[in-house]
Amino acid sequence: MQYMLIMRETPAAAAQRNDPAQAPAYWGAWMAYVQAVHQSGTFVSGAGLELAGATLRLRDGKRQVQDGPFADAKEQLGGFFVMELQTLDAALEWAARSPAAAWGSVEVRPVMPPPPQG
Amino acid sequence: MHAEDAARGAAERVARGAYGRLVAYLAYRWGDVAAAEDALADALVRALTAWPAAGVPDSPEAWLMTAAKNRLLEAARHARVRADPAVAVLFEEEAMPEAPDFPDDRLQLLFVCAHPSIDAALHTPLMLQTVLGFDAARIGEAFLVAPASMGQRLSRAKAKLREARIPFEVPGRDELAPRIDAVCAAIYAAYGRAWEDPSGRDAGSGELAGEAIYLARLLVHLAPGEPEPRGLLALMLHCEARRDARRSDEGEYVPLSAQDTARWSAPMLDEAEAQLSEAAIAHRPGRFQLEAAIQSAHAQRRLTGETPWPAIALLYRALAAVAPSIGAQVAHAAAEAECRGPDAGLALLDAVAPERVADYQPYWAVRAHLAAQAGRADAADAYRRAAGLAEDPAIRRFLQRRLDAICTE
Chain A
1 MQYMLIMRET PAAAAQRNDP AQAPAYWGAW MAYVQAVHQS GTFVSGAGLE
51 LAGATLRLRD GKRQVQDGPF ADAKEQLGGF FVMELQTLDA ALEWAARSPA
101 AAWGSVEVRP VMPPPPQG
Chain B
119 MHAEDAARGA AERVARGAYG RLVAYLAYRW GDVAAAEDAL ADALVRALTA
169 WPAAGVPDSP EAWLMTAAKN RLLEAARHAR VRADPAVAVL FEEEAMPEAP
219 DFPDDRLQLL FVCAHPSIDA ALHTPLMLQT VLGFDAARIG EAFLVAPASM
269 GQRLSRAKAK LREARIPFEV PGRDELAPRI DAVCAAIYAA YGRAWEDPSG
319 RDAGSGELAG EAIYLARLLV HLAPGEPEPR GLLALMLHCE ARRDARRSDE
369 GEYVPLSAQD TARWSAPMLD EAEAQLSEAA IAHRPGRFQL EAAIQSAHAQ
419 RRLTGETPWP AIALLYRALA AVAPSIGAQV AHAAAEAECR GPDAGLALLD
469 AVAPERVADY QPYWAVRAHL AAQAGRADAA DAYRRAAGLA EDPAIRRFLQ
519 RRLDAICTE
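The listed protein sequences correspond, in order, to chains A and B. Following my numbering, the numbering of the first sequence begins with 1 at its first residue and continues without gaps. Following my numbering, the numbering of the second sequence begins with 119 at its first residue and continues without gaps.
Since the hints were made in silico from the structure, they are not lab data. Predicted, not measured: the structure shown is a model, and the values here were computed from it. For glycine and all other residues, C-beta sits at the position ideal for the given N, C-alpha and C. Hints are not guaranteed to be accurate.
Away from chain B, derived, C-beta distances all over 10 Å, residues of chain A [unchecked claim]:
1) 17
2) 37
3) 48
4) 49
5) 53
6) 63
7) 73
8) 80
9) 105
10) 115
Label pairs and their calculated CB-CB ranges [as the list claims (entries may be wrong)]:
11) A:65 to B:156: 51 to 61 Å
12) B:296 to A:86: 21 to 31 Å
13) B:366 to A:116: 55 to 65 Å
14) A:11 to B:188: 19 to 29 Å
15) B:424 to A:11: 46 to 56 Å
16) A:20 to B:524: 20 to 30 Å
17) B:366 to A:15: 17 to 27 Å
18) A:86 to B:289: 30 to 40 Å
In isolation and in its complexed conformation, chain A is listed as follows (with noise of 0.2 Å):
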């Protein structure tokens, strides 16, 4: 079974990023995380997501376009993972261990299986 973890961060995490004095604190526990997932053995994809980019609805067949993500989010995607687990349960383990868990949030989804070829 794939589960896919949604990192999500506050504003001021993920300012983090940025900030001299905090920024290697901050990359510190992802790169530690991102190996022991790796290390696991259930990685299947992942990736970290820049902060800045745009936002697209057409509405009344008419296009709309904002700067980044929803203005008034509390909390921002800061990247996903799919790992390979057998349940819920171990992938609520994996979102506890990570840094997003204390620096907002950590959506867990499980992954549909991919439809029926032919």
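Since chain A is already given, all that's left is putting chain B on it; use the hints.
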């Protein structure tokens, strides 16, 4: 408003002190834990409506028991198929005992919760719910399980207890020791969850630790001749005595070897020692007595300033023989390293199968510590892995600092 507060306060006090006794008493006679819990929950709701107007009864326990019994009988009348009529009659005929003299059936309830036919992973959650009245969400938080899944698992376990007619009884002499072990293990699992709790001194985890100690005291009280519950109580008191010393004033992690022994709780350590001595009288050592003895040896530093590592290594060897576990193996390696140098400890760690430690944080923390002492290049990798597996941010920061230190050396 004042009467309502008083009623609520009284109901909460009774629920806190007598919940398990009431559930045990009703479930024992009714043969259905889930029905007993529902009836008691209903009685507590009724109390909140009745008591503010009529005043808190002289014996709130007896009031709740009567209300819960009536509720069970009502349910039985509505669903004759489900309830055994013979049970209902017995129930009705039985004279209402005056609280607090009604028999204490909590020992039987503990045995039922830790029955071998119930999945061992559910022993502790069942106990927390039936004896202490925790709801599924709180249990889920302690065990890192989604509340809905925990609720379903508990309901299924209770249905199984009912359908398999698992008897409410204290097992016979031959069966007693393994069944007591299962009860002890379930109580210790609750404590372990509280111990691991990230914040360490967080109100919720302190509460769960307190509940586990309460259950161990209860077990000692209910089975005073058994040594292992005393060992368990001593073990948890030793760990609990060090709770405040585990964090610096700034909230940073302090390893056992660096803890200020003045911050250990002397009354708890004294009580732990007394329980362990009492347990030893039975001359039946076991897993929990050995683990308590190891903690007791660590506590000697308070008096002598030294940790008796050779004794600790010896105790871990004995523990591995009685109750082999990955945790004991790792702790044994750490103790041997203190006696005979880091290579001796690393050799023991090398003997552990890698798949067993893929996500076992203490293994990597000890490995990193010993590899760094031995000046080995793989220490950094082990520190990073240990930090990555740590749930507690304070422990993660501690390991990160160690990693930074060896990288700049």
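_Nearest-CB test (10 Å) between chain B and residue 63 of chain A_ = holds (39 Å)
*Claimed clearance of chain B by residue 37 of chain A, with the beta carbon kept past 10 Å*: violated (7 Å)
*chain B versus residue 17 of chain A - minimum CB to CB distance exceeding 10 Å, so not interface*: The claim holds: residue 17 of chain A sits with its nearest Cβ about 16 Å from chain B, beyond 10 Å.
*Can we trust that residue 105 of chain A is non-interface, i.e. its beta-carbon lies farther than 10 Å from all of chain B?*
holds (14 Å)
*asked:* Confirm or reject: residue 115 of chain A is not an interface residue toward chain B, with every Cβ-Cβ distance exceeding 10 Å.
replied: The assertion about residue 115 of chain A holds, with a minimum of 26 Å to chain B.
*Test the statement that residue 53 of chain A is away from the interface with chain B: the closest C-beta pair must be farther apart than 10 Å.*
holds (27 Å)
*residue 80 of chain A non-interfacial with respect to chain B [C-beta, more than 10 Å]*: holds (17 Å)
*Using the C-beta atoms of residue 65 of chain A and residue 156 of chain B, is the stated range 51 to 61 Å upheld?*
Holds: the Cβ-Cβ distance is about 55 Å, inside 51 to 61 Å.
*asked:* Given the hint of 55 to 65 Å, is the C-beta distance from residue 366 of chain B to residue 116 of chain A inside that range or not?
replied: Since the Cβ atoms of residue 366 of chain B and residue 116 of chain A sit about 57 Å apart, the hinted range of 55 to 65 Å holds.
*Would you check whether the claim that residue 73 of chain A is not at the interface survives, using Cβ distances to chain B and the 10 Å cut-off?*
holds (23 Å)
_residue 86 of chain A and residue 296 of chain B - C-beta distance against the hinted 21 to 31 Å_ = holds (28 Å)
*Can the suggested window of 20 to 30 Å be confirmed for the beta-carbon pair residue 20 of chain A and residue 524 of chain B?*
The hinted range 20 to 30 Å holds for residue 20 of chain A and residue 524 of chain B, with Cβ atoms some 23 Å apart.
Violation of the numbered hints given earlier is confined to hints 2, 14; the remaining hints are satisfied by the structure.
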